[in-house]
Amino acid sequence: MKYFKFILLFNILLSFSANALLEVNILKSKEAAFPIVIAPFEITSDLKDNVDIAKIIRDNLNRSGQFNALSTDALVSNKIDFDFWKEHKKDAVVFGKIEQVSSKVYNIYIYIYDVYSEKSLYQKKITVSNSGFRRIAHFLSDKIYYVLLGQKGSFNTRLSYVTVTDNNSDGRTYKLQISDSDGFNPQTVVRSSNPILSPAWSKDQKKLAYVSFKNNRSEVFVMTPFMKTIPIKLPKFDGIASSPSWHPSGKSIALTISKQGNKDIYLYNFKSKKLKRLTTNKSIDTEASFSPDGNSIAFTSNRTGQVQVYIKNLQSGKISRATFDGRYNAKPVFSPDGKDLALIHKVGKDYRVALLDIKSRDLTVMTRNKSDESPYFSPNGGMIIFSTNRDNRGILSIISLHNNQIVELMQKTGEVREPTWSNYSK
Amino acid sequence: MSKKILLLSSVIFLSSCGANNISELGDKFLDLINPSDAATEQANLGGNETLVAVDEYGDASISEIEELKSLSDDALIEMAIAKGIDFELDADGNLKNRDDLIKAILENSAALAILIGDFEGSFILYFSYDDTEIDDESTSIIIEHAKFMQDNPLVNLRLEGHADERGTREYNLALGENRALSVKEVLGLYNLDDRIIVVSYGEEIPVLAGSNEIAWEENRRVEFSYY
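Protein chains in written order, with my numbering: chain S, 1 to 426; chain W, 1 to 227.
No lab work stands behind these hints, which were simulated from the structure alone.
Glycine included, each C-beta is placed from N, C-alpha and C at the ideal position.
A hint or two may mislead.
[To be verified] DSS-like mimics (lysine-lysine), calculated; alpha carbons at most 27 Å apart, straight line:
{"#": "1", "chain 1": "S", "residue 1": "K259", "chain 2": "S", "residue 2": "K228"}
{"#": "2", "chain 1": "S", "residue 1": "K273", "chain 2": "S", "residue 2": "K349"}
{"#": "3", "chain 1": "S", "residue 1": "K233", "chain 2": "W", "residue 2": "K96"}
{"#": "4", "chain 1": "S", "residue 1": "K206", "chain 2": "S", "residue 2": "K271"}
{"#": "5", "chain 1": "S", "residue 1": "K274", "chain 2": "S", "residue 2": "K259"}
{"#": "6", "chain 1": "W", "residue 1": "K103", "chain 2": "S", "residue 2": "K259"}
{"#": "7", "chain 1": "S", "residue 1": "K28", "chain 2": "S", "residue 2": "K90"}
{"#": "8", "chain 1": "S", "residue 1": "K274", "chain 2": "S", "residue 2": "K251"}
{"#": "9", "chain 1": "S", "residue 1": "K79", "chain 2": "S", "residue 2": "K125"}
{"#": "10", "chain 1": "S", "residue 1": "K339", "chain 2": "S", "residue 2": "K28"}
{"#": "11", "chain 1": "S", "residue 1": "K233", "chain 2": "W", "residue 2": "K69"}
{"#": "12", "chain 1": "S", "residue 1": "K203", "chain 2": "S", "residue 2": "K274"}
{"#": "13", "chain 1": "S", "residue 1": "K233", "chain 2": "W", "residue 2": "K147"}
{"#": "14", "chain 1": "S", "residue 1": "K259", "chain 2": "S", "residue 2": "K282"}
{"#": "15", "chain 1": "S", "residue 1": "K233", "chain 2": "W", "residue 2": "K103"}
{"#": "16", "chain 1": "S", "residue 1": "K282", "chain 2": "W", "residue 2": "K184"}
{"#": "17", "chain 1": "S", "residue 1": "K273", "chain 2": "W", "residue 2": "K96"}
{"#": "18", "chain 1": "W", "residue 1": "K83", "chain 2": "W", "residue 2": "K147"}
{"#": "19", "chain 1": "S", "residue 1": "K203", "chain 2": "S", "residue 2": "K228"}
{"#": "20", "chain 1": "S", "residue 1": "K259", "chain 2": "W", "residue 2": "K184"}
{"#": "21", "chain 1": "W", "residue 1": "K96", "chain 2": "W", "residue 2": "K83"}
{"#": "22", "chain 1": "W", "residue 1": "K69", "chain 2": "S", "residue 2": "K228"}
{"#": "23", "chain 1": "S", "residue 1": "K55", "chain 2": "S", "residue 2": "K86"}
[Said to hold, decoys possible] Here are some chain W residues pointing at chain S (derived, C-beta under 8 Å):
{"#": "24", "residue": "K69"}
{"#": "25", "residue": "L71"}
{"#": "26", "residue": "A174"}
{"#": "27", "residue": "S200"}
{"#": "28", "residue": "G210"}
{"#": "29", "residue": "S211"}
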């Protein structure tokens with residue numbers, strides 16, 4: 001088992017729109033990050049709704065742990081002083097401009113230069129309406145990430161999570177929210193006075209499954225956040241229904257259902273409306289997660305008396321134990337390449353996010369927190385988002401698997417918990 | 001949460017002093033309820049997509065009766081069966097007259113309120129960490145409850161299982177159900193299975209906030225509520 005050392009702690013306060021998630025802490029690691037400059041975009045018109053595209057991009061790239069992206073005092077134009085940037089040990093320079101075409105239409109230009117070869121790596125003009133600036137900033141972040149690293153980014157994506165606020169004497173308000181990958185632009189899609197749990201995106205992002213207690217018991221619902229339809233309730237028996245996990249095809253969904261007290265994992269097919277039982281053990285089987293190829297599920301079970309993670313191969317039917325370190329391993333989720341599981345591992349009295357190499361069984365504890373929950377990979381596999389506790393409040397935390405840098409996100413008031421990351425936006 | 005139905009019944013009963021009879025009171029309450037539910041709101045998500053919000057309750061100050069009203073047909077039917085109240089379904093399997101059934105449930109609750117008031121209306125049993133075992137002392141308490149139910153055949157019991165905050169939410173949801181089920185198992189020896197509903201809230205509704213042993217002990221529990 002390995003622990004990573006964090007050497008620096010910055011407190012960063014950013015201005016943020018009402019109820020957006022706020023970046024509060026960045027715990028940096030020693031590991032080097034790609035030093036680049038992202039200059040402010042030149043604006044050639046009066047832009048009233050001033051979305052700082054360069055800043056969104058810098059924050060995105062820095063959050064990934066892969067980059068150390070800085071701003072410049074002055075605008076950078078096509079006449080780049082490469083010697084200056086070499087002297088300051090910057091590897092790449094990014095700049096751009098925003099040009100108004102009509103009242104609501106803008107052209108956005110972006111240029112990426114390599115400092116040492118002094119060559120252009122990428123340039124593009126994109127036409128966009130002013131309401132799409134944030135989306136374009138995320139799109140361009142993915143472009144820069146790909147141009148400089150040769151890998152896909154995870155920025156033009158969405159998060160979903162549950163927020164909880166206390167209403168003084170009148171109970172609590174639970175909200176299922178969707179935001180951009182940086183926590184901005186939060187939108188409420190389900191609101192309830194009863195608990196909401198376990199949101200899960202379908203791969204095509206058209207549907208969200210979640211657990212609601214609105215009928216005073218846990219039931220699984222599927223809603224369409226971008227279409228006005230009534231949420232459908234998935235089948236249950238006489239006990240709990242919970243823990244939805246989409247098959248990658250979107251045609252079926254795994255969920256935990258209790259039948260005469262026995263909690264097992266079932267697969268519900270939306271077309272046939274039939275349930276197929278995937279586990280039969282008398283103990284608790286729950287928290288299923290599909291492998292990216294849809295051929296296996298990882299799940300939590302206390303079948304040996306301890307809470308451990310198992311993997312079932314759905315073709316052979318074989319179930320094998322995946323975790324052997326420690327007495328409590330739960331809530332597994334597959335990495336996008338299917339090679340690792342992120343899970344919750346108990347260390348002493350603490351519950352921490354850990355990464356399990358499925359083949360070698362190597363387990364790496366990723367945090368030093370007391371009560372981590374609900375890990376989920378970014379779609380490129382480069383980061384894990386999870387919830388944890390700071391001063392008795394639920395917050396979100398994003399850890400870079402490149403260098404273990406941690407960025408923490410919280411709400412101005414109340415708790416935020418149970419994050420999941422969507423696939424790429426279309 | 002579990003006490004809401006009980007609370008509701010006592011509220012009805014107490015306030016019925018001023019009304020001529022319970023059923024008239026029920027009518028008055030039902031008139032107050034706004035029939036339009038499923039409120040939605042639309043929001044713009046940057047581009048051209050429209051996001052639709054599902055509102056699971058319309059009014060922030062939702063009363064207990066509105067809560068009953070907000071239950072799905074399935075939940076109401078379940079409740080009616082448990083209480084032995086008659087109801088009718090239409091061809092599509094939907095409730096024929098929701099309002100009448102809600103009224104009947106309210107009356108039934110009011111009638112039971114006095115009876116249950118004589119016994120412990122709610123009772124809480126506590127458990128060890130990640131454990132569903134019931135010790136001898138708890139068993140003898142559960143047997144008292146079994147005798148009460150045998151003596152009062154109209155009374156039904158809702159067992160609500162809870163867990164402390166440690167460990168994952170979904171596992172704790174399963175654990176809470178197992179705790180309630182182990183209580184039901186003891187009561188089952190007295191042929192009371194049909195009159196018991198088991199639900200679990202996992203770690204979602206702690207009675208005591210905080211990340212310490214005292215809070216955890218208070219939160220690992222099964223709540224008994226009669227209805």
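Which numbered hints does this structure break?
1, 2, 6, 13, 24
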